[in-house]
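Modelling step: build the complete structure from the supplied sequences, incorporating the hints.
Protein chains in written order, with the working numbering: chain A, 233 to 583; chain B, 12 to 270; chain C, 79 to 379.
Watch out, some of these pointers could steer you wrong.
Dumping the calculated BS3-like pairs for lysine-lysine here, alpha-carbon to alpha-carbon at most 30 Å [said to hold, decoys possible]:
(1) A/343 x A/364
(2) A/509 x A/552
(3) C/191 x C/289
(4) C/127 x C/338
(5) B/64 x C/338
(6) C/191 x A/364
Keep in mind the hints are simulated off the structure, nothing from the lab. Since this is a predicted model, take the numbers as computed values, not measurements.
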Amino acid sequence: MVGVEAASVAKLYGSKPVLDDVNMTFEAGRLTTLLGPSGSGKTTLLRIIAGLIAPDGGRIRFGTEDVTDAPVWTRNIGMVFQSYALFPHMNVYQNVVFGLNRRGIRGSDAKREVLRALDMVHLSGFERRRPKELSGGQQQRVALARAIVTRPRVLLLDEPLSALDRRLRQSMQVELRQIQRDSGLTTILVTHDQEEALVLSDSVAILDRGRIVQQGRPSEVYERPRTPFAASFLGDANFFAGRVGPDGIETPSGLIRVEERLPALGSTATVAVRPEKMTIGPAGAVQHADNRIEATLQEIVYAGAVSTFILRTADGTEIKVLNQNADAPELSPGTVVEATWSRARTILLQT
Amino acid sequence: MTALARCFLLAVILFLYLPVFVMVAMAFNDSALYTLPLVPTLRWFEALASNEKLLAASRNSLVIAAATSVIATILGTMASLALSRRHFRGRSLLQILLLPPISIPWLITGTAMLVFFFWTGIGRGIHAMMIGHVALAIPYVVLIVGAGMQSVRVDLEEAAMSLGSTPFHAFVSVTLPLLAPSIAAAALFAFAVSLDQFVVSYFLSTPGVSTLPVEIYSSIRQGFTPEINAVSTIFLGASTLLILLFAQLSSLGGHRGRG
Amino acid sequence: MAGDRTGQNPPGRGRQGWATAGLLMPAYGWLTLAVFLPLCAMLFFSVLKTAPVANRPLEVTFDHYLAFVRRPYLFDVAWTSIQLGLWTTGLCAVLGLPAALALARSTYGRSRKVLLLLIILPFWTNGLVRVFSWTMVLREGGILDQAVHLVAPSAPPLTLLYSFPAVIIGLVHAYLPYMVLTCYLALTSVEDAVVEAARSLGARNAVIFWKIILPLSLPGLASGAVLIFVPVIGSFMEPRILGGRIGVTMGTVIEDQFTKAFNWPLGAALSFIMLAVVLVVFGASSRLLSRGKASLGGAAP
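So this is what it looks like as structure tokens:
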């Protein structure tokens, strides 16, 4: 099991840089997610690691081996494509055994491996079926079995769940996680779905316009985003901007206290607060709060287990608060309420 | 309104088939002057069996069509592969260059071939006709195989390569099997194009060596024998079978935009 | 600054250029030999005084091109050819568009497939035999004549054969399927949803026809017209067989130069004049088609 390293990878299409000096380490045996909006370069990076595209600069290493100039068919990878790319003229067995045959494994040895892989994806008994007879979820699992049966050095997944409906996607996320853990493969996943990134990853890297914005464990990246982009792409965030004062950040909506060390006095600063970290209540309800902002309740978006409260402050800033529908007080739109949160929950951003 | 439309359509189809019916009817009609009433007979088919000229011409037609089909399919498929998969400068130009053989009136292409072959010593005859037929069939093959290529997704070859296939192996084990119906359809089309080709064959034939259409033409000019109807009926049957096969291999009709 | 490779090809596939050339060379080489070089040769021939034979010296002249202007007889012939083209194209449009409409909008599923097949089949019957069958139908004492006399015995004999209309009938019959097909393809690109949207906005059938369906079928008419007009002005088979003595067209004149008169340079020159006309038609039609597409904007998907 090897790790993957991308060093100073760059790619241009014409004069437009799609990837710009990307440096990343993908830990051996772990699932790392490349997360970003379309056009961020995440799929390009994946395809460069696969060997389907050549980078314009930089090196790719599998372990200690530099594979930058190696053709894709020599890299010993497994790849699941967004469209699954199952061979339509072959049945499930033939699809899965394809890679094994290329490596010289045939006959009963191959059969054993194929059955084992199909069992891993819970598709035992499907060997004779043709791809067009399978549902989307089943096709996806065949594609996965085909990619892992050869025990590749690296498993690459290109938005593998995006074609599935919501319910199926959620159950497949859990299964995918299980399979990755059981097989111990170094896995790189590309997705634009932030929930997927949080559920599946050991490590998340957020990409924006060809650059890595932040990289780390999901909880780390979620709780402590470094830039406004990271804060708003992975999760929701309320932003406040203002000048640094002696006690905190002085913003049009009020004074905001932080736990970390404040930057230079008088400089501008932007902070973010996640909606679920705020508590909403009638004005003046909470006695001691680090941070308190008064606002008018505009709208309540009810979503069963949780509700999102949309507030508007006197200076026109919109605030979203997410609270569980447990024993919350009854609030109605139009009333003046307050949002409170602890100073530890204020995220100081680098802009 | 719909009934009226359908009637019109049937009338048009009847118009299209009128000569065909006449030809088939006359092939079985015992009248050297094509007069009614119809008296069934097989004598024209029997006469055909001993008409050496017609039989030789038919044989030539079939041989040339078969050779054309094979050569044009191979060359056209290769060209189609390069044009569909690889993106390179001059690709559009090359695609446009495929149009002249099929859009310029065959009269011009045929006479041009006659002129050039005479000048360069290639001359006329079966080999000349074959060169001409293949040239006329290649654009059709490229078109048909090209259309088939569109439906073979690029990521299938990428998937094969990610599993360890070299580009060549990916082509042979994935693309080629999926392309087979299109290639077969193109081969059939090339065969039919060659079989029915008259103008180019006319200019490139010599008195002793010609194809069936050319033979029919000179026969018409000189004095038509009803065996022509007989042999044409046979060829009509064969062409019908070919076109039905072609329709099976490439789906026709009922398409709205992309299938 | 990391590496200065401009990796246009994926790793390991640097030799793509050679492979591509190798795939293209055979087909295009064949086309060059059989089509492009011959056309060049013919261009060369068209400016020679006589065909280059053995020891005769080569004289360059534009006489043959000028012959077209000098001899009014050739002008008439050319005009006949163009008339043939216009009549045939016109009749094919008049018959073909309604047929395509009927096919596209009044037939469904299986019957439509069968009808389409029926329309395409005549392509693959031998063109010559079809033309000859028309002689059997149209001539004096032929099928049509006998049929008419069955109904009206005292009617005069039908002398349709060896006349301009006979040639037209033969040509229309040969080329009608082209028009039906191109119009059909254009019409089937009109999505049902577009017509339904128009209906929901209150348009009645006549309006839908004039404002949506007809304009969207114009590309089909245009391409069908080109597919028909071009071969027709070069045809010599149908004019000869169905037109007899009056069946003299550019096509027959050119054919004569190569088979009877052996005046190849003149034939070549006339061919290139016809080719010029063909190119003009193509040029005009492609501009018309692209302008048509632009004016329709987003009307068709």
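Structure-based check of each hint:
Of the supplied pair hints, the one linking residue 343 of chain A and residue 364 of chain A holds, its CA atoms being roughly 22 Å apart against a limit of 30 Å. Distance restraint check for residue 509 of chain A and residue 552 of chain A: the Cα-Cα separation of roughly 10 Å lies within the 30 Å cut-off, and the hinted pair is therefore satisfied. The suggested pairing of residue 191 of chain C with residue 289 of chain C holds, with an alpha-carbon distance near 28 Å, which does not exceed 30 Å. For the suggested pair residue 127 of chain C and residue 338 of chain C, the alpha carbons sit about 17 Å apart, so the restraint of at most 30 Å is met.
This hinted pair checks out: residue 64 of chain B and residue 338 of chain C have alpha carbons roughly 23 Å apart, not beyond 30 Å. Distance check on the hinted pair: residue 191 of chain C and residue 364 of chain A sit about 25 Å apart at the alpha-carbon level, within 30 Å; holds.
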